[in-house]
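In the order they appear, the protein sequences are chains D and B. Reading the first sequence from the start, the letters are residues 1 to 466 in the numbering used here. Reading the second sequence from the start, the letters are residues 1 to 569 in the numbering used here.
Wrong hints could be hidden among the right ones.
Said to hold, decoys possible - Each computed EDC-like pair below joins lysine to aspartate or glutamate, with the alpha-carbon atoms no more than 16 Å apart: (1) D/K204 - B/E310; (2) B/K296 - B/E214; (3) D/K299 - D/D334; (4) B/K87 - D/D418; (5) B/K452 - B/E310; (6) B/K270 - B/E462; (7) B/K433 - B/D413; (8) B/K213 - B/E192; (9) D/K204 - B/E114; (10) B/K247 - B/E462; (11) B/K46 - B/D317; (12) B/K110 - D/D418.
Hint data in this document are derived by calculation from the structure and do not stem from the laboratory.
Below, each chain spelled out in residue letters.
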Amino acid sequence: MSRANGDATMPTFSKSAPHPKERRIILANAEDPDFDGTLEAYEGRGGYGELKKAFGMTPEDVCKEVLDSGVRGRGGAGFPAGMKWKFLDRRSGKPVYLICNADESEPGTFKDRQIIHKDPHQLIEGMMITAFAIQAKQAYIYIREEMPYGARILDEAIEAARAKGYVGDNILGSDYSCDLVVHRGAAAYICGEETGLIESLEGKRAYPRIKPPYFPAALGLYMCPTIVNNVETLCNVKHIVAMGGGEFAKIGTTGNTGTRIWCLSGHVQKPGYFELECGKATYGELINDLGGGLLPGRKLQAVIPGGSSAKVLRAGERFTGKLRSGEAFDWGIDDIPLDFDSPMAAGSMSGSGAVIVVDDSVNIVEVLANINAFYAHESCGQCTPCREGSLWMKKITGRMVSGGARREDAALLASIGDQIAGRTICAHGEACAWPTQSFVAKFRDEFEAAAERNPDEWKNREFRLV
Amino acid sequence: MSEGQEDKRIPIFVDDEEVKVDPGTNLIEAVAQAGKEVPHYCYHPKLSVVGNCRMCLVEMGMPGRDRATGEPMLNDDGSPKILWVPKPVIACATNAAPGMHVRTESPLVKECREGVMEFLLVNHPLDCPICDQAGECRLQEFATDYGRGYSRFIEQKNVKPKRTRLGPRVMLDDERCILCSRCIRFCEEVAEDPVLGFTDRGSYTTLTAFPGKELANNYSLNTVDICPVGALTSTDFRFKMRVWFLKETDSIDTESSVGCNTVVGSREGKIYRITPRRNDHVNDTWMPDSGRALYKEVEAENRLAAYSIEGRPCGPDEAMSLAATLLKGHRVAIVGSGRLSVEEQYLLRRVREAIGGGPPTFLVGRTGEGDGKLLSADRNPNTRGAILTGLIDELPKEDLHDLAHLIAEGGVDTLLVAGEDLTMAGVTRDQLKRVQIVYMGTHHNDTSSVAKVEIPALTVFEKSGTFVNQQFRVQKFAQAVPGPKGVLFGLSNFTRLLDTLGGGKRIAPSPANVWAEMSGDVPEFADLRFEDIPRTGSVVDDARFAHLPFPEGPGFHFNPKRAETIAGA
Ligand SMILES: Cc1cc2nc3c(=O)[nH]c(=O)nc-3n(C[C@H](O)[C@H](O)[C@H](O)COP(=O)(O)O)c2cc1C
Ligand code: SF4
Ligand code: SF4
Ligand code: FES
Chain D
1 MSRANGDATM PTFSKSAPHP KERRIILANA EDPDFDGTLE AYEGRGGYGE LKKAFGMTPE
61 DVCKEVLDSG VRGRGGAGFP AGMKWKFLDR RSGKPVYLIC NADESEPGTF KDRQIIHKDP
121 HQLIEGMMIT AFAIQAKQAY IYIREEMPYG ARILDEAIEA ARAKGYVGDN ILGSDYSCDL
181 VVHRGAAAYI CGEETGLIES LEGKRAYPRI KPPYFPAALG LYMCPTIVNN VETLCNVKHI
241 VAMGGGEFAK IGTTGNTGTR IWCLSGHVQK PGYFELECGK ATYGELINDL GGGLLPGRKL
301 QAVIPGGSSA KVLRAGERFT GKLRSGEAFD WGIDDIPLDF DSPMAAGSMS GSGAVIVVDD
361 SVNIVEVLAN INAFYAHESC GQCTPCREGS LWMKKITGRM VSGGARREDA ALLASIGDQI
421 AGRTICAHGE ACAWPTQSFV AKFRDEFEAA AERNPDEWKN REFRLV
Chain B
1 MSEGQEDKRI PIFVDDEEVK VDPGTNLIEA VAQAGKEVPH YCYHPKLSVV GNCRMCLVEM
61 GMPGRDRATG EPMLNDDGSP KILWVPKPVI ACATNAAPGM HVRTESPLVK ECREGVMEFL
121 LVNHPLDCPI CDQAGECRLQ EFATDYGRGY SRFIEQKNVK PKRTRLGPRV MLDDERCILC
181 SRCIRFCEEV AEDPVLGFTD RGSYTTLTAF PGKELANNYS LNTVDICPVG ALTSTDFRFK
241 MRVWFLKETD SIDTESSVGC NTVVGSREGK IYRITPRRND HVNDTWMPDS GRALYKEVEA
301 ENRLAAYSIE GRPCGPDEAM SLAATLLKGH RVAIVGSGRL SVEEQYLLRR VREAIGGGPP
361 TFLVGRTGEG DGKLLSADRN PNTRGAILTG LIDELPKEDL HDLAHLIAEG GVDTLLVAGE
421 DLTMAGVTRD QLKRVQIVYM GTHHNDTSSV AKVEIPALTV FEKSGTFVNQ QFRVQKFAQA
481 VPGPKGVLFG LSNFTRLLDT LGGGKRIAPS PANVWAEMSG DVPEFADLRF EDIPRTGSVV
541 DDARFAHLPF PEGPGFHFNP KRAETIAGA
C-alpha cells in the first residue's frame, strides 16, 4: 500500500514539527515525517494493539472506560461520547449502526482531513473499537464529497485492515463481525448535521430530522439505533483504551479532558492546526505564540473562537462571571482557556475548534456578509426561519457592503436573527443566526456607521444583490 | 366512552385550562380539543409529521420533580411547579403527556408566529388579487390573524418558475409555494406515486416533478386541496370563479361503492368544482380525480331535459299517463340502476308493485378493478340500496342477457328503464325495437332513442337523497343546483308515475317522506329517520346480505404512517 509515494495525483501534505506547547496524541504519528500512514508503518508503531486489547475486554468495559475518560465530542456540540453511547436505545432489537462524521465543513475547520490523509488507520482502529463497544452491526465513514483523496486513502486502508482481520468478518478471530464502508457525501454543509447525514446516507436529501422523535440513538439510520461521532472523537477512543479512561481523564482539566486540535486561520502569521492539552493554553497563546501573532502593523479586531457559526468576540471585550467550579473569572480574549467550557463561559463556544482571527484591515460588516453568504447557501431550506431568514440576512449585509446600508439595518438584522435562533429543526438555525446576532450586538457602531460610508469605499463588490 | 370502559385519557393544561385527551395526541389536536387553534401549515392530520413550517410553535412545560427525592416540586402556594422548556416546541410533533402545560397565547408564541409569517411572506408574491387561492389561502388567513401587518423587507424577492404544468390536471406556481411538502408526502404516502420532490437548496428550493415524470395519477388533485397556498391549482377550476362566491353543498361521489364524501361548489345554478369532504370512516380527506369531473354531466350535450312521446315534446302528465297505459295490463320487465338513490330505488319497487304481476326486475352490474384506494370494484354507488329496498334480491350481473333472452322469446311487451342504457349491457337495438320502452334517465342514449316515452331525470347534483356504500353506510347528498327547466323536482317523477298507476296512498316527493314509508317496509331502516342521518352517514345492519358475494375487496382506509416516515422527502 504505497499510496503516498505511488500516486502522482495524490496531493502531498506537509508535516510540521511540534511547537513546544503542543501535546500530540492524535497527531503523534500523523505529523511524524518518518510515518507514511500505511498499515505496516502503523503496525510498526503498535497500531491495532488497542483493538486487540479491547477485544480482550467486554463491550461494556470499553464503554465504561470511554465514559470515565470524560471525552467530549469534537464535532461541534461537545457532548460526552460515553454518555451518548449509553443513551443507545436497544429496545427495538434492531441492529445498531456506527457512523463517523467526516463531513468536516464548518468554515475554518481542517483537522479531520489531516488525520484521514496522514493516519487513516488510527481512525479505523478507533472506529472498530467503538463498533465493538456498542456492538454495531455495520459502520460507515461519511466523508465530505470534496475530499476525494481522503475517500480513496480510507478505502485502501480499510482493504488493508480487512486483509489483516481488523475489519469485517470475525474480527481478530472473534465471533464479532462488523464491516466498515466509506460513503462520499452529497457536497453540502448540512450533510454534517447528524440527522441530515443519516438521511443523506440513506440516499435522500440531507434534510435534518425533527428531534423528538428522531434521536439517532433510538431512530437513526434506517430507523435503527445509531451513534454518530466525529473523526477526532473516534480517534480518541483508541487512546482511551490504551491509557484507560481514568488516566485519559488526567489530560486536560476537569470536564475538559484530552487534547484538542485547534485550527487557526485568518490574519495571523502562521495559520495551522495545533494539538493542545485542553485548558492548558489560552486563545492568546494560540494566536500569538503558536500562530506567530498578527500581521505586521495590524491590530486585532475580532476573534471567532469555534468555527464561523460561533459568536464573535470583539477585541478589548471583557468576559466576567463564575465558572462551574464557582471560581470567578475576568478575561480578555487572550486569557480565555482553550477548552470546551471557557469559550462557552465567555458567551460563545469552542465548536469545531476553528479559531478565526480578524484584524483591522477589513470592515466587520464585510466579514459578516461573507459568513451570511455561506449560511444562506447552506441552509437546507426545509424549515421556514432558517431558510428565509438566512437569505434575508445575506441580502441585507450584501446590500450594506455594496454601498446601500441604512442605519436601521443593524436593528433589523438583530431582529431577524432573534426570529431564527431556537425555532428551527436543526442547529443550522443557530449557526446562521449567531454570527448576525453577535456581530450586530458587539459592533453596533460599525454597522450603523456603514450607512454613512461612501459607497465607493467598499471592497466587496461581489456581494451584489442576489 | 361506553360504560365499564376505563377512561385512559390524560389531563393536560392549555393556557391553564384543563382538558383531557388520549395519550399520544399531538398538541395541535389536543389544543383543538380545548377549543383553541394552533395555526399550522405543514401538519396534516392524514400525513406524516415533518415539522418544517414552524408555524405551530408553542411553549411547553412539565410539572417538575425533585431529582433526589422524586417528589413533585411545588410553588409557594402548593401548586405544582411547572418547568418550562426554554425553547418553543412544535405542537405538531409534541405529544401530550400527563400534566403537561401548554401556552398558546404567550408573548413568545405570538412573536414566533409573527416571525414565521414574516419569513413566509418575504419571498412570496404579494399579489393576492390575481391569485386563484385568494379566499381560501392559509397564508392570507394567518397573515391576518397572526402577522404583524407590515413588511420590513426591501430586498429583491426570489424568482422562481411560474405556470409549470405538473400533470394533466395540476398547475404549479413555485413562487407561491411555501415548501410545506404536503403535496410530496401525499404522493408518497397516499397516492403511492412519488413523483414530486424539491430541487435546489435554501430559499431557492423549488418544487418540481422528477425528470420524465408527471403528476398524473387519479389522486393528483388532492394535492391542490391540501396545498395551503395558491402554488398548486386545478387546471379545470383555476381562474373560473372566486371561491367566496361558491355555495357549498354536501354530496357523494357516485363513481363506486366507496361513496367518497364530497362538497359541490356552485354559483347561480352552475357547478364549478367538486372537492372531498372529510369523513374518517370513508375517505379521510381524499377523493379520486375522476369523481371531480362528474359535474360536467349536468351540462353535457346529450342531456335529456324534456318529456316526450316518440320524440315529440310533451308535458309530464301526458308522458306519465301514456307510461301508465303501457305498463298496466302488459307483460312488463323493469331495469333499475345502482346509480339511483335509495329513495328512487324504493319508489321503483313501489311502481313495480302498482303494475302488479311481479314483473322481472334487473339491475346493471358495473365492476372494475378496485384501485385499493377510493375506487372499489363495484362501480355502482348504490348496489346495496337496491338490495336493501327490495328492488332486487340478488347481486346484479354485468350484462342483461337474461332480459335479452326474455325479449327474444317474445315475453315482454313493455320495458321500464330507469337510468341505464341497455345497449351497453348486452341488449341490441333490434331487440329493443321489439318492445315498448318507457325510459327515465338523465341523458339521451341508444335506449332512449328507441323509447316510446322519455322521462327526463335529475342528476345527483340536482336532487337530495341517500346512497348506501360498501360498508352499508347510508350517506346523504343534497341538492346543489336546480334541475333542467321543466323537469319535475325531487322524487316527483316516481311519485307521479306511482299515482298515475294508482299506487294507493300518495307519497310526497321528498326523501324524508320516502324514508317514513321505508321505515315500515325495510327492517334495516326501521329506526332511521332521514333527518337523523348524520353528515358522516349511518351504518345499517347487513346480516341479511352477508351471504352475497359482493365484488369489493376490503375498503380503503388510510392510516398515517407517523412513526415510520421521516422529515422531508
Ligand atoms: C449545521 C451543522 C453542521 C455540522 N457539521 C459537522 C461536521 O461537518 N462534522 C462533524 O463532525 N460534526 C458536525 N456537526 C455536528 C454533528 O451534528 C454531530 O453533533 C457530531 O457529528 C457528533 O459527533 P461528536 O459527538 O463526536 O462531536 C454539525 C452540526 C450542525 C448543526
Ligand atoms: S435549520 Fe436550516 S438547515 Fe436545519 S433543517 Fe431548518 S432549514 Fe434545514
Ligand atoms: S406546492 Fe406543495 S410544498 Fe408547496 S406549498 Fe403547496 S403543498 Fe406545500
Ligand atoms: S405544523 Fe408544526 S411545524 Fe408545521
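Pair hint B/K452 and B/E310, alpha-carbon separation not exceeding 16 Å: holds (5 Å)
Hint consistency between D/K204 and B/E310 [alpha-carbon to alpha-carbon, up to 16 Å]: It is violated: about 67 Å lies between the C-alpha atoms, which goes past 16 Å.
Hint consistency between B/K433 and B/D413 [alpha-carbon to alpha-carbon, up to 16 Å]: holds (11 Å)
Restraint status (C-alpha distance of D/K204 to B/E114 at most 16 Å): violated (32 Å)
Pair hint B/K247 and B/E462, alpha-carbon separation not exceeding 16 Å: Measuring from Cα to Cα gives roughly 14 Å; hence the hint holds.
Pair hint outcome, B/K270 versus B/E462 [Cα-Cα no greater than 16 Å]: Holds, at about 11 Å.
Holds or violated: B/K46 to B/D317, with C-alpha atoms at most 16 Å apart: violated (51 Å)
16 Å limit on alpha-carbon distance, applied to hinted pair B/K87 and D/D418: holds (12 Å)
Pairwise hint evaluation, D/D334 against D/K299, where the allowed Cα distance is 16 Å at most: Distance of about 13 Å is within 16 Å: holds.
Holds or violated: B/K296 to B/E214, with C-alpha atoms at most 16 Å apart: violated (25 Å)
Given hint D/D418 paired with B/K110 - CA-CA distance at most 16 Å: Answer holds: B/K110 to D/D418 is near 14 Å, not above 16 Å.
Given hint B/E192 paired with B/K213 - CA-CA distance at most 16 Å: holds (14 Å)
Taken one by one, the earlier hints fail for this structure at numbers 1, 2, 9 and 11, listed in ascending order.
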